[in-house]
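Assemble chain E onto chain B, guided by the hints.
There are 2 protein chains.
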Amino acid sequence: MISVVLLGTGNVSKNLFESFLNNSDIDVVQVIGRTQASLAYFKDRAKTATDWGNLPIADICILAINDDAIEEVSKLLNTDSLVIHTSGSVPIKALQLHKRYGVFYPLQTFTAQKIIALDEVPICIETEWEEDLEQLNKLGALLSNRIVSLSSEKRKMLHLSAVFVNNFANHMYTIASQICKENNLDFELLKPLIKETAAKLDTLTPEKAQTGPAKRGDFKTLHEHLTLLEEPQHREIYKLLSNAIKASYGEKL
Amino acid sequence: MISVVLLGTGNVSKNLFESFLNNSDIDVVQVIGRTQASLAYFKDRAKTATDWGNLPIADICILAINDDAIEEVSKLLNTDSLVIHTSGSVPIKALQLHKRYGVFYPLQTFTAQKIIALDEVPICIETEWEEDLEQLNKLGALLSNRIVSLSSEKRKMLHLSAVFVNNFANHMYTIASQICKENNLDFELLKPLIKETAAKLDTLTPEKAQTGPAKRGDFKTLHEHLTLLEEPQHREIYKLLSNAIKASYGEKL
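Note that the protein sequences, when read in sequence, are chains B and E.
Position 110, counted from 1, in the first sequence is what the working numbering calls 110; the numbers after and before it change by one each time, with no gaps.
Position 40, counted from 1, in the second sequence is what the working numbering calls 40; the numbers after and before it change by one each time, with no gaps.
Next up, chain B with everything else stripped away, as it sits in the complex:
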C-alpha cells in the first residue's frame, strides 16, 4: 500500500485521482486545492482541504499544479515525505528544499472532460536517491506498464517533442476544423484520416509515412492551396510546413 496526498485540482490531478481510486494498493489520504470550488470534483470520494501548510502524513506528496507555481508552492509544504511534481519541463531541482524529492511525469495529454486509463502511459521518473527511485517505481508500476527513469534534461527534451506531437498536431486539427466549418463540410469526415495518421506509426517511421503535395513536389496543388486559404495565418503555416517537408529536396515554394 502506498499513501499519497494529491496537491492541485487540475487536469493531471483529476486523471491521477481516478487511477488512484481504481487501485486498491493506493490510498489517497487527502486532496488539497486552493478553493472549495476547485475541490468539488473530489470531495465526495476523498478527504479534501485548502490548507497547503498543514499536510497529513503520507508516503508521497504529489504536486500536480501549473509548472510556473511548482517551486513557490513547494516552499509552503512542511513535510518529510517524498515530494514529487508531475511536470515535463520543470527540473527536479525546483523541489530541492525538501529532504526527499522527485519527479513523476506521465507523458500524456490530460483533460478533465476525458479521464483516461494510465496503463499504456509512459511515466518518466527521476529522484536523487535510490530509495526514492524504488518508491516511485512502485507507484508507477501500480498505474502503468511503462516506467522510464529520465534526467531533467532528457525529460525536458521529451516534453518539447510532446509539444510537437500533441499541441501542434492538435492545432492542425483545429485549422482543419475551421476550414470545414467555413465550407459547410463535416469535420467527422476527417477523423478516420486523423486516426490512421497516428496509427501508421506502428508500421512506418514518420519519415516513411509522409505523403502529400509537398512531399511529392506537386507545386500546382501547393500554389492552389495557398490561394484557397483565406486566413493569412493559415497561409503562413501552410507555406512554412510545406517548405519544411520539401526541405530535404532542396526546393522552396
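All the pointers check out, no bait thrown in.
Mimicking DSBU-like on lysine-lysine, the simulated pairs with C-alpha atoms at most 35 Å apart in a straight line are:
1. K195(B) with K191(E)
2. K220(E) with K191(B)
3. K220(B) with K181(E)
4. K220(E) with K93(B)
Output of the computed footprint for chain E on chain B, the stretches with three or more beta carbons under 8 Å from beta carbons of chain E:
5. 61 to 75
6. 102 to 116
7. 163 to 169
8. 200 to 206
9. 210 to 222
Hints listed in this document are in silico derivations from the structure and should not be mistaken for laboratory results.
For each residue, glycine too, the CB sits at the ideal point set by N, CA and C.
Using the frame of chain B, we list chain E on its own:
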C-alpha cells in the same frame, strides 16, 4: 457485380486493389501500369498490361495516378465506360472529354507498405449524371460505409483540410522523432500520446482538446523551448504555431 479496370500502380491503386480482390462483387478486369516493373505487385493476382490506349471492357475505369497526370493520361483512354479519378484536388472537369466521368476520392492516407481496410474510409463521389452517381454509390457501398456526394469545390477544401491533419501532423511527428534521436530518447515513448491526441477528438472538439504552454500562456516554458531547439526551422515552426495557438488570447511570443 461491378467490373473495373485499375489504371496506375501507386499507393492508392495498391490499396484499392486489395479491397477489390477481397470483394466478390468486384471484378478487376485489368491493372494497367507504365512498366512491367511497376506491375510486379499485381501480376500474380490480376491481368496486367502497359498499353493505356487499348482498354478492355469494364463498367468503370479508375485512374489512380498522380494529380498532375490525370488530365493528360485520360486523353489516351479510348472507352465509353465511366472514367473516374481518385484525387482530392483535381476537378471533375479534368475528365470531361469522356462520355461518362466522375470522381471517387477515398479520404485516407495510403502507402503501399501498409495496406488498410476501407470500411471506415469516407469516399467522396461526384458525377455529372444520375446514372453514374448510382454506379459510384454502388461501388462505394461495396467498400465503405461512408459515401458522401461532394462537388469539386468542396472536395478541394476537404483535401486541403486533409493536408493539415495528415501531411502537417505527420511532419510534427517527424520533428519530434528528430528531437528524440538527437537526445537518445525512444520515439516509442510518444506513441500513446500521439494516439490519444487523435482519439481525444471522439469526445472533444480540437479547440477544447488544446493544451500546452502556448494555450496556457506559459512564456517561461515557451522561451526555454526556443532555446532548446537547435534546428532554425524547428524554432521557426515552434514560434509560428505557438503564436497561432496564442492568437485567440491576443499575445505574442
